[in-house]
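The listed protein sequences derive, respectively, from chains A and B. Under the UniProt record's numbering, the first residue of the first sequence is numbered 1, with each subsequent residue one higher. Under the UniProt record's numbering, the first residue of the second sequence is numbered 1, with each subsequent residue one higher.
Check each hint, because a few of them may be wrong.
One-sided excerpt, in silico: chain A residues whose CB lies under 7 angstroms from chain B [as the list claims (entries may be wrong)]:
1) E73
2) A77
3) S105
4) R116
5) F117
6) G121
7) L122
8) A174
9) T177
10) I181
Quick caveat, the hints were computed from the structure, so don't treat them as lab data. We put the CB at the ideal spot given by N, CA and C, even for glycine.
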Amino acid sequence: MAGLLEIHNLSKSFDTIKVIDDFSLEVVEGTLCCLVGPNGAGKTTTMDLITGRIKPSSGKVVFAGQDITAQPEHVIARAGIGRKFQVPAVLRDLTVRQNLTVAFSRQTNPFWNLFRFRSPGLERKLDEIATLAGLTDRLGERAGILSHGETQWLEIGMVLMQEPRLMLMDEPIAGMTESEIEKTAAIFKELRKTTTLIVVEHDMGFVREIADVVTVMHMGSLLAQGTIQDIEADPRVRDVYLGEQEAA
Amino acid sequence: MGNLYHNKTAQWLAYAAFFAVLAIVPMRIDDDFLLNQLATYGVYGMLALSISLCWGFGGILNLGQGIAFGLGAYGMAMTMQMQTQTESNPIPPLMLNNGLDYLPMLWWPFANTGLGIVCAIAVPTLFCAIFGTIMFRARVSGPFFAIMTLAMLSAFYTIILDRQAYTGGVNGITPPSPLQFAGVEVDPYSPLAYWTVFFALMIATVLAKLITQSSFGLVTQAIRDDAERVRFLGYSVAGYETMIYTIAGLIAAVAGCLWVMLVQYVSPAQLDVGFSLSMVIWAAIGGRLSLVGAIVGAFVIQGAQSYLGDTFLSTWLLILGGFFIVIVRFLPNGLASLLEAALGLFATRKPKSSAESNGAEPVPAE
Chain A
1 MAGLLEIHNL SKSFDTIKVI DDFSLEVVEG TLCCLVGPNG AGKTTTMDLI TGRIKPSSGK
61 VVFAGQDITA QPEHVIARAG IGRKFQVPAV LRDLTVRQNL TVAFSRQTNP FWNLFRFRSP
121 GLERKLDEIA TLAGLTDRLG ERAGILSHGE TQWLEIGMVL MQEPRLMLMD EPIAGMTESE
181 IEKTAAIFKE LRKTTTLIVV EHDMGFVREI ADVVTVMHMG SLLAQGTIQD IEADPRVRDV
241 YLGEQEAA
Chain B
1 MGNLYHNKTA QWLAYAAFFA VLAIVPMRID DDFLLNQLAT YGVYGMLALS ISLCWGFGGI
61 LNLGQGIAFG LGAYGMAMTM QMQTQTESNP IPPLMLNNGL DYLPMLWWPF ANTGLGIVCA
121 IAVPTLFCAI FGTIMFRARV SGPFFAIMTL AMLSAFYTII LDRQAYTGGV NGITPPSPLQ
181 FAGVEVDPYS PLAYWTVFFA LMIATVLAKL ITQSSFGLVT QAIRDDAERV RFLGYSVAGY
241 ETMIYTIAGL IAAVAGCLWV MLVQYVSPAQ LDVGFSLSMV IWAAIGGRLS LVGAIVGAFV
301 IQGAQSYLGD TFLSTWLLIL GGFFIVIVRF LPNGLASLLE AALGLFATRK PKSSAESNGA
361 EPVPAE
């Protein structure tokens, strides 16, 4: 079975520095893949390459059988890839409700949107997502005043409103409290039943809890891939990453 | 109950009241000159409205709105000039005086009144669509876009000034008689001219308001907030930016046509940098986040200029500059935010978790 997302021999250099070096990855539909690795391993850069924010020097990205390499960001998003950023990016001047409404992007044509004042199916979807993200009481608030954890959930909620086939989550639990992390883990376990996810995360406890497959990156290349047990038993991984963390 | 200022129904009622007041004016005034002057303020109001739409809602600072206004004005002046040419005298004097003894192709469409007015509006709009597409596709934004519009404005100014045989150069075009439209003469000093501007301003305002409330308007405000984020939601940011910039250009082009209808005159001064900057100042003082606020800003500043400008002469510019500094420092969202704050005093703080209405938006949506 072919993967929903296939990355073939991807490379990216900034000047003479190779940030991503011949990296390949296949993500099977309906799985949750955790992308881990030490700082500077190229995790966020890989996300940037998948979503079109930066263009690769060589290699290609295939999503659902369609070559999306170096397409503009909005085209890739429309193809069905949603993304949560490392630094939570929400629309701070708009309300929580407006944030979720904008993210419900079934109709993206600027001309037709001039004549649209409500979107069919929006209210139901919005209620569902707001409940899932625990933001029902905050819908009227300006997104800029939300707490850090709520901001993270709002952005996760926005990605869900997009109804993507593949979700890229860059450090979704950074800065969350223990109870918030538990709640997020529960949300992710729910999500992986219906969608495909790639989660970049440092917290190995969280990874252990949610991951179907773990991919370890080091110096821009694939170091190891497998279940969490395989990865934790792999001596190379211990050297570059887990060992380093335990020592710290 | 939230702040009445953010209530959509209250906003529409305020708009209705605003235009009702403007509609009473011609019944109260029998000074033709004053009526004409008030109508020109209406044109300035349309310009401020277009800036509010583009800058306030779209976040695109446009220092070259004079391009659309000026091109619209030239198109209308050319149309009105051609209306006074006859079979025996087909060439406008401005060409004959500059040694041109035939009608240049540039002027051909303006020999037909309908086609001329369509061109006067369509050419600047098309220019905005093309220039916007080129700029926004390349992700030129913020101050860089503002500088590009300024450069473009100066280029148009220079070309019009330089091509004297085609444009009348520094003297511009002065059509000798009022606009004839559908068999009616639109005397600039008549109530008819005032009503024409009134309806144009009202229609533009209502459409602009509807645009800000549409899905398009919401996405546009989201882009103002964080264009990068919106791109990853699947929206073509360049498409939205081009659209709002072009709509603003269209409003300014119509304003240009109406202005020439009122003053029977156009010159490169309409593409002067200073004039385009004043449009931004009107919107900033009135409140760029409020459509009506921006219009009122234009009325207040131009009204003050007409009356105080004569008294204070060049000191007026110092007064205006000082006023502008005070506004930017203490009321960054203009005079409209005074109203917002005043109405906020009456708003009762709603208890948390109470059902909130769709109309209550803490975002500046007025």
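Quick one, is the A:A77 hint okay against chain B at 7 angstroms, beta carbons? Hint on A:A77: holds, closest Cβ of chain B at ~4 angstroms, below 7 angstroms.
Hey, does the A:L122 contact hint survive, CB to chain B under 7 angstroms? 10 angstroms, violated
Using 7 angstroms as the Cβ threshold, decide whether A:T177 counts as touching chain B. 21 angstroms, violated
Taking the closest Cβ pair, is A:F117 under 7 angstroms from chain B? 6 angstroms, holds
Interface hint status, A:E73 versus chain B (Cβ within 7 angstroms): OK, holds: A:E73 within 7 angstroms of chain B, min 4 angstroms.
So, A:A174 near chain B? Judge it on the closest CB pair being under 7 angstroms. 17 angstroms, violated
Verify the interface restraint on A:S105: the C-beta must sit less than 7 angstroms from at least one C-beta of chain B. Given a least distance of 4 angstroms, the restraint on A:S105 holds.
Interface hint compliance - A:R116 to chain B, C-beta minimum distance less than 7 angstroms: With Cβ-Cβ at 4 angstroms, under 7 angstroms, it holds.
How about A:G121: closest beta carbon in chain B under 7 angstroms, or not? It is violated, given that the least Cβ distance between A:G121 and chain B is near 13 angstroms, above 7 angstroms.
Chain B contact restraint for A:I181 - C-beta distance below 7 angstroms: 24 angstroms, violated
Hint check: violations occur at hints 6, 7, 8, 9, 10; the rest are consistent with the structure.
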